[in-house]
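**Student:** What follows is each chain in one-letter form.
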Amino acid sequence: MKHYPLHINTQGRGSHDITADIHNAVRDSGITEGLCHIFIHHTSASLMLCENADPVVRRDLDAFMARLVPDGDPLFEHQSEGPDDMPAHVRTVLTQTGIQIPVIDGRCALGAWQGVYVWEHRTAAHKRRFTVSVFA
Amino acid sequence: MKHYPLHINTQGRGSHDITADIHNAVRDSGITEGLCHIFIHHTSASLMLCENADPVVRRDLDAFMARLVPDGDPLFEHQSEGPDDMPAHVRTVLTQTGIQIPVIDGRCALGAWQGVYVWEHRTAAHKRRFTVSVFA
Amino acid sequence: MKHYPLHINTQGRGSHDITADIHNAVRDSGITEGLCHIFIHHTSASLMLCENADPVVRRDLDAFMARLVPDGDPLFEHQSEGPDDMPAHVRTVLTQTGIQIPVIDGRCALGAWQGVYVWEHRTAAHKRRFTVSVFA
Chain A
0 MKHYPLHINT QGRGSHDITA DIHNAVRDSG ITEGLCHIFI HHTSASLMLC ENADPVVRRD
60 LDAFMARLVP DGDPLFEHQS EGPDDMPAHV RTVLTQTGIQ IPVIDGRCAL GAWQGVYVWE
120 HRTAAHKRRF TVSVFA
Chain B
0 MKHYPLHINT QGRGSHDITA DIHNAVRDSG ITEGLCHIFI HHTSASLMLC ENADPVVRRD
60 LDAFMARLVP DGDPLFEHQS EGPDDMPAHV RTVLTQTGIQ IPVIDGRCAL GAWQGVYVWE
120 HRTAAHKRRF TVSVFA
Chain C
0 MKHYPLHINT QGRGSHDITA DIHNAVRDSG ITEGLCHIFI HHTSASLMLC ENADPVVRRD
60 LDAFMARLVP DGDPLFEHQS EGPDDMPAHV RTVLTQTGIQ IPVIDGRCAL GAWQGVYVWE
120 HRTAAHKRRF TVSVFA
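Just so you know, the sequences run in chain order A, B and C. So the first sequence is residues 0 to 135, counted in numbering that gives the first Met the number 0. So the second sequence is residues 0 to 135, counted in numbering that gives the first Met the number 0. So the third sequence is residues 0 to 135, counted in numbering that gives the first Met the number 0.
Just so you know, these hints were derived from the structure itself, not from any lab. Just so we're clear, the structure is a prediction, and the values are computed from it rather than from any experiment. For every residue, glycine included, the Cβ atom is placed at its ideal position computed from N, Cα and C. One should not assume that every hint holds.
Said to hold, decoys possible - Over 12 Å on every C-beta distance to chain A, these chain C residues come out as not near it, computed from the model:
#1 T18
#2 H36
#3 D61
#4 E76
#5 D84
#6 A87
#7 I98
#8 D104
#9 S132
To be verified - Example chain A residues on the side facing chain C (calculated, C-beta under 10 Å, incomplete):
#10 I17
#11 L34
#12 I98
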């Protein structure tokens with residue numbers, strides 16, 4: 000088991016491609032047949048595997064989430080950290096805090112159209128911490 | 000690989016903190032660098048990593064789910080097990096049946112604000128079965 | 000670590016039971032205590048653990064998703080691959096690309112009512128690729 004700490008500075012709400020970081024960790028591990036797990040140590044940002052060809056797909060995902068879980072929704076009592084905080088927790092629970100991908104022939108075996116993205120759900124920029132674990 | 004069976008008696012709909020049980024399993028395993036996986040053997044209750052500071056966050060999550068997947072929704076044909084049964088299956092599919100967390104320096108490396116919760120989606124109390132697996 | 004490639008021809012939108020394929024991979028691996036991970040190499044079809052008794056449950060899940068993420072929603076800009084493509088990406092992000100299940104006493108330790116399903120989110124039939132990984 001090899002753990003790689005990863006830190007990403009997000010630019011506020013939206014998604015950010017970390018696929019290259021994952022490929023680098025797998026390559027560095029020297030493991031040829033195994034699994035790679037990515038974990039985010041937060042509850043208001045999450046992970047997703049998403050289509051990596053058309054950036055409009057990720058913009059549409061943002062639009063969908065903005066409609067499904069609107070900022071400042073009067074349904075929410077937890078408002079003390081701002082109108083985007085409780086929606087960020089909901090978005091995190093509806094998506095992924097961890098993603099696991101097979102390692103085959105020494106490569107992270109993503110599908111041709113799969114990219115790994117951090118999804119920042121807060122409107123402000125944040126420093127986010129991850130652990131990438133590779134094992135055989 | 001060490002498996003720890005875990006049984007929780009829920010009090011009906013709502014979330015229940017099992018973070019201490021996970022920390023206990025990791026400590027008992029003696030594993031210092033690895034991963035810890037938690038699995039729930041059911042389809043009408045699920046797992047989540049959620050903010051552990053303000054209990055209102057989890058009340059708001061319940062309110063959100065009650066609005067998104069209302070009990071007794073006429074959309075659902077599967078009504079024979081009660082008006083909360085089909086919504087419980089939908090809520091389970093939208094959240095997690097398994098959660099995996101890095102084990103670093105002999106500790107389950109949750110973020111400062113992350114807790115592990117069982118989310119009971121049925122309105123009645125249930126006995127729920129889990130398996131916690133720790134491996135290096 | 001043993002990887003088993005799996006290919007499924009879906010019949011278009013809807014879910015398809017792959018539980019027997021998972022049990023076969025676990026049995027073939029000879030592993031008695033471990034974990035089994037299933038990964039789908041796509042972004043418009045996903046995996047779920049769902050109630051395996053009443054097929055109406057999965058029909059209701061389809062009905063719920065069709066209402067939550069309607070085809071051709073004018074919210075979406077990404078329409079070039081058809082009215083069902085962007086909804087397929089949203090449905091995938093809201094469900095699972097990977098599922099992990101404990102292996103106990105040489106068996107994939109699903110709960111009594113849990114089945115493993117591929118959920119095709121495109122309206123047309125597709126050939127879908129998976130990797131099943133079993134490890135101790």
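**Student:** Does each hint fit the structure? Answer for all of them.
**Tutor:** Cross-check of the supplied hints:
no. : hint : in the structure
1   : T18  : 20 Å, holds
2   : H36  : 6 Å, violated
3   : D61  : 18 Å, holds
4   : E76  : 5 Å, violated
5   : D84  : 9 Å, violated
6   : A87  : 9 Å, violated
7   : I98  : 10 Å, violated
8   : D104 : 22 Å, holds
9   : S132 : 6 Å, violated
10  : I17  : 15 Å, violated
11  : L34  : 6 Å, holds
12  : I98  : 7 Å, holds
The structure does not agree with the numbered hints 2, 4, 5, 6, 7, 9, 10 stated previously, though it agrees with the rest.
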